Amino acid sequence: DAGITQSPRHKVTETGTPVTLRCHQTENHRYMYWYRQDPGHGLRLIHYSYGVKDTDKGEVSDGYSVSRSKTEDFLLTLESATSSQTSVYFCAISETMSGTVDGYTFGSGTRLTVV
Amino acid sequence: GQQVMQIPQYQHVQEGEDFTTYCNSSTTLSNIQWYKQRPGGHPVFLIQLVKSGEVKKQKRLTFQFGEAKKNSSLHITATQTTDVGTYFCAGGIQGAQKLVFGQGTRLTINP
Numbered sequence: 001d002a003g004i005t006q007s008p009r010h011k012v013t014e015t016g017t018p019v020t021l022r023c024h025q026t027e028n029h030r031y032m033y034w035y036r037q038d039p040g041h042g043l044r045l046i047h048y049s050y051g052v053k054d055t056d057k058g059e060v061s062d063g064y065s066v067s068r069s070k071t072e073d074f075l076l077t078l079e080s081a082t083s084s085q086t087s088v089y090f091c092a093i094s095e096t097m098s099g100t101v102d103g104y105t106f107g108s109g110t111r112l113t114v115v
Numbered sequence: 001g002q003q004v005m006q007i008p009q010y011q012h013v014q015e016g017e018d019f020t021t022y023c024n025s026s027t028t029l030s031n032i033q034w035y036k037q038r039p040g041g042h043p044v045f046l047i048q049l050v051k052s053g054e055v056k057k058q059k060r061l062t063f064q065f066g067e068a069k070k071n072s073s074l075h076i077t078a079t080q081t082t083d084v085g086t087y088f089c090a091g092g093i094q095g096a097q098k099l100v101f102g103q104g105t106r107l108t109i110n111p
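Here the protein sequences come in this chain order: A and B.
Counting along the first sequence from 1, when you hit position 56 you're at 56 in my numbering, and nothing is skipped either side.
Counting along the second sequence from 1, when you hit position 87 you're at 87 in my numbering, and nothing is skipped either side.
In short, the hints are calculated from the structure, not lab data.
Values in this document were obtained by computation on a predicted structure and should not be read as measured data.
Glycine is no exception: its CB is placed at the ideal position from the N, C-alpha and C atoms.
If a hint is listed, it holds; no wrong ones were tucked in.
With a straight-line cut-off of 27 Å between C-alpha atoms, the simulated DSS-like cross-links for lysine-lysine are:
#  : chain 1 : residue 1 : chain 2 : residue 2
1  : B       : Lys56     : B       : Lys36
2  : A       : Lys11     : B       : Lys36
3  : B       : Lys98     : B       : Lys51
4  : A       : Lys57     : B       : Lys98
5  : B       : Lys98     : A       : Lys70
6  : A       : Lys57     : B       : Lys70
7  : B       : Lys51     : B       : Lys70
8  : B       : Lys36     : A       : Lys57
9  : B       : Lys36     : B       : Lys51
10 : B       : Lys98     : A       : Lys53
Short derived list, chain A residues pointing at chain B, Cβ under 8 Å:
#  : residue
11 : His41
12 : Gly42
13 : Leu43
14 : Phe90
15 : Met97
16 : Asp102
17 : Gly103
18 : Tyr104
19 : Phe106
20 : Gly107
21 : Ser108
22 : Gly109
Construct the complete structure from the given sequences, taking the supplied hints into account.
What follows is the structure, given as structure tokens:
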């Protein structure tokens with residue numbers, strides 16, 4: 001969907017290095033989310049934001065931090081990347097937290113490999 | 001924590017056969033949403049159900065929300081190769097304003 005972009009699309013990094021993934025939206029939605037997707041686990045919520053500088057933890061937040069200094073940008077940082085963080089990361093946006101207007105809109109994803 | 005269970009995890013069918021995936025929650029849901037993710041793609045919102053017993057159709061896809069608002073199903077009639085992908089349900093947790101995703105059902109089709 002054109003209203004949400006993730007960067008980079010692919011990244012290979014070494015164990016122990018910090019990594020930042022970016023999510024940018026042009027929809028002015030209040031809520032933004034970071035998910036990771038792994039085989040057999042579906043989509044697991046890492047962190048989410050309900051406004052500028054307002055963030056909260058999801059179910060798999062250990063080893064990750066987020067920041068939202070502007071409505072349109074939501075950054076996900078792996079403080080010290082580990083091999084267990086090799087995954088596909090999706091950003092999503094919504095107008096309400098339960099997505100009751102038009103559901104969640106997902107970005108195209110970032111495939112991260114930690115070697 | 002609150003969980004939304006989805007079965008089966010995988011389903012392989014012959015083209016033309018029907019397909020159904022089921023979603024179950026231990027708690028009452030405020031709404032249920034369905035998403036489709038094509039191989040290599042990202043989840044795309046299909047539909048939302050809000051009312052008890054609600055049934056909605058999109059061409060060959062039929063979505064149902066249970067009377068108790070704790071379960072839902074997606075049924076595809078006469079599958080086509082374009083239906084290949086992973087189907088996720090996502091339940092809105094009442095009072096928590098939170099959406100919880102099921103693990104997904106991966107559908108593959110033999111042409």
